[in-house]
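J.: Make the full structure from the sequences, and use the hints.
2 protein chains.
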Amino acid sequence: MKMKIVVIGANAAGAKAASKAKRLNPAAEVTVVDRGTFISYGACGIPYYLSDTVTQLKELMSTPVGVVRDAAFFKKVKGVVVRTNTAAIAIDRSAKTVDLLETTTAERSSLHYDRLILATGSSPIIPVLEKVGLPGILTVKSLEDADLLKESAVAGARACIVGGGLIGLETAEALRQKGLQVTLVEMREQLLPGLLDPEIALQVEKHLRQQGVTVLTGSRVTGFQGRDAVEKVLLGEQEVAADLVVLAPGVTPNAALAKAAGLAIGATGAIAVDACLRTSDPDIFACGDCCETTHLITGRQVFIPLGSTANKQGRVAGINAAGGEATFAGVIGTSILRIFHINAGKTGLTEAEARANGFEVETVISPAPDRAHFFPGAKPIVLKMVADRKTGRILGVQAVGEGAVDKRIDTAATAMTFHATAEQLAQVDLAYAPPYAAAMDNLIVCADIMKNKLTGQARGISAGEVKRKLDEEEDFLLLDVRSPAEHGEVGIEGATLIPLGMLREKLDELPRDKEIVAFCKISLRGYEAQKILDAAGFSNVKFMDGGILAWPYHLRVGGKES
Amino acid sequence: MKMKIVVIGANAAGAKAASKAKRLNPAAEVTVVDRGTFISYGACGIPYYLSDTVTQLKELMSTPVGVVRDAAFFKKVKGVVVRTNTAAIAIDRSAKTVDLLETTTAERSSLHYDRLILATGSSPIIPVLEKVGLPGILTVKSLEDADLLKESAVAGARACIVGGGLIGLETAEALRQKGLQVTLVEMREQLLPGLLDPEIALQVEKHLRQQGVTVLTGSRVTGFQGRDAVEKVLLGEQEVAADLVVLAPGVTPNAALAKAAGLAIGATGAIAVDACLRTSDPDIFACGDCCETTHLITGRQVFIPLGSTANKQGRVAGINAAGGEATFAGVIGTSILRIFHINAGKTGLTEAEARANGFEVETVISPAPDRAHFFPGAKPIVLKMVADRKTGRILGVQAVGEGAVDKRIDTAATAMTFHATAEQLAQVDLAYAPPYAAAMDNLIVCADIMKNKLTGQARGISAGEVKRKLDEEEDFLLLDVRSPAEHGEVGIEGATLIPLGMLREKLDELPRDKEIVAFCKISLRGYEAQKILDAAGFSNVKFMDGGILAWPYHLRVGGKES
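Protein chains in written order, with the working numbering: chain A, 1 to 562; chain B, 1 to 562.
Think of the hints as simulated: they come from the structure by calculation, not from any bench.
Fair warning: this is a prediction, and the values are worked out from it, not measured in the lab.
All C-beta atoms, glycine included, are put in the ideal place defined by N, C-alpha and C.
Check each hint, because a few of them may be wrong.
Said to hold, decoys possible - Using 27 Å as the maximum straight-line C-alpha spacing, the simulated BS3-like pairs for lysine-lysine come out as follows: (1) A:Lys379 / B:Lys58; (2) A:Lys451 / B:Lys379; (3) B:Lys379 / A:Lys379; (4) A:Lys506 / B:Lys4; (5) A:Lys451 / B:Lys58; (6) A:Lys96 / A:Lys2; (7) B:Lys76 / A:Lys506; (8) A:Lys2 / B:Lys506; (9) B:Lys58 / B:Lys75.
Claimed, not checked - Here are some chain A residues the structure puts well away from chain B; computed CB gaps all over 10 Å: (10) Thr309; (11) Gly323; (12) Asp406; (13) Val428; (14) Asp475; (15) Val557.
Said to hold, decoys possible - Partial chain A-side listing against chain B, Cβ under 10 Å, derived: (16) Ala437; (17) Ala438; (18) Leu477; (19) Leu478; (20) Arg482.
T.: What follows is the structure, given as structure tokens:
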């Protein structure tokens, strides 16, 4: 008898699992059921379809050579049967059957399996709020959503996006590009919580505002108003007029079917699996957004649904279901986002996550051009690195800016996967030529500063801490060691100028009894100033992390405050 | 008594070493001597100065904020004394002195050191050939060279570049952009030998030809002709008319001073150093282009002069000379080049290098867009991966194409530094969003194919081997499994078309006694075809590595040969 493999869900993970299983075990009968009409599409492309960056919905469900990945394609090319509009409504584990409901005909049937793969995905969280069901309140997940949203997104309309995560931001950009008035509402005090530390997120927020998006952080949606369609979003006392609302407060794993079948569910709410992606039932596997996975830094189980992970897991689940052997080690928390003209990404843990996980951390903020500074087109990026004080191991890297952020994130993710220390990362033989990087790549400079900090040679203080000192009128010297020209152009109110080149001659003018915080454009001259003053016997000198480029607060521009 | 540290050479490695030594040990007296007038410049930027991409020579010797790194800068900012126009002509190791010659005044002096750092760099190889000293025959190394070359590079002039390595190619581009007629002569049978395998180098060569550069590989320069200036480059029987010749056959380490002082010189001809960059004399260190280093894959000593390595080594030599402790692990052979519209890079070993080092290798060629295929601006890149059959460890990655090659090279270099296997690389949590990558990044797809090849599931055959079979009229079936539309547009003469979607229905039409080689655009459908035929009992089926996109030979375009 042929082995029967059934896959529930025909998107990234499910489609991959089915194809892989059939390739590995051509004798197996592989059937995929999916409740939707469209299958195997790139949901991550939806915001780009919205903004007309991608013009045809079909492109999101085609192969690179333009063949639509529909049921006929899977039959002919992959040898896999796909049944669309077919919802799996129950799993009978003792009988090894899946109960199905054909959603257009309401016909019921049952399908036997020897091995079952759950690839049921995730769904947008719909907050339980007054009038959340009003027309005009939408989500961004399926292609059907995409079309509805695209119809509603007319220039001049007022859109309110609920949720300042990846999907919320990408949607904000898409709607702004279509000429809508966009308000973005985020419950927490910063955008992209969990993805970026506050001072890095602030750079993204600044950019969104520059692009005309109204950002309301620390604002909780309490309900909606409207008669035939949504008219207002209520934020406690406040309200935001809206013709269109996009709910993007996050997603939740579709684990109900698994739960009802008695499979183990993890603390994250997603289906629990082992390294082979086997659930608590040895004949049932799970992959993609519906299951949890191991975080490679903390060792903990996490729910981080991503298309990239879904594809890798689909492969592993497919191999194991077909009788092969494969494991999935886990994820390292990599995420990336392009928002208007800037890129923002992270891998590993943020400082906040690292502290919450009990690490004693050191951090570095390092802004620099993304290629040789003399090379036309060089663009700035700011890196933030988080390391474990005890071992020197890198725990996380965040990057934001117009430049090539993705390259540094991928390199850092790879290094951290292999438990790299700052010392090791500082020595990696990265590709150097002026169009690609400086001779010392941003990551290497950042790792070098981290080494200096870990050994106590470099002593940094955050922009936030300096801001606090200034606000509280603490008695310290904020020392700007840039050139007079740079100082004249833009500065921090309350700072004293002594260009680095003059510092050795002007030691007498500096107070020996006060704390001195030096800064420059990025932090390297600030650090040099600290070393010069250290050598001259000053005992309480630091530099400000990231210099003026990473200062997220108001600046004096020319003679005035900005 | 203050510790005296003397550094010979004030470019990348020397400048870095001096600054670092002084920062670490502010009490030390640090002196740098350099025979040139200009110091601390980015020699890698010279081709971009030539092409006017970088307009001011000053930019190459400035800090990112525009301060020129001259002797005054080093004195004021770094606390380091730099003596330019000062050649070190001998080292007396027992007296611990360096003999100096002021090149403008011819004044001689001597300088005592406690610790000496050699950062003497490398020089262009000048072939011993008839009339090589004629005016108009130049090199590209110093800023003086740059200005000379820029003066001679007038539109319409005929330039001949000798050497098809990195510098030769970058110079070819620069001169072509200035409107010169450019001929590139390379002794070996391919461009970029040692950097790329022949079939990947062929893609670069094709692009150079498309940009109007005449490429002569396998051509040895035998001499020059000219009366007052160069007029012809002689290639045995052949000759190339030239108003300007650029010698770029490679560089040689400046190790004569070290050798004369009795320091150990490695088999590469560069100064031998240990992991602390200490020479055979415990008080003398070496860093940058003048010394050899360890290759992290082979463990052998190599001479691979690069600005990125020089900077890293300068740091280590500076720390150790100043009494600290640091080590430099080695390099992994990473190189990158932008040539017109394409990027070409490598890290680790090429297939040829891996075989020469005794590895039993498996290779994969994988072309794909550099981001989600539906995302506008996605550009193709071709990856070649080389792995060790015994361990699955990745030995090298090459990449070429218009897309983001540098990101994949950096990621691969990092993975290989930590001895990654194909299995491990296939699982790295790389940053995914449509503007940056496909859900399965090019590297992950490539590593997955490698896994399939290592386990024998996927059986590839190179384009070169297929070409040979066709040329020798071997009796095999070359099976094009693309769509009829793709097949009509461009094809390989001699191939039979059966679109992948039809293959399962047309098994009867295929010969069971012949070898079958399937191919598509990139190799994925070709691999699927192999799996379908395997499952149907065909016993001798392979796919062609990299598909038609990686086929470097003539193609049929429409109905005709191209």
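J.: Among the hints numbered above, which are violated by the structure, and what are their numbers in rising order?
T.: 2, 5, 10, 12, 13, 18, 19
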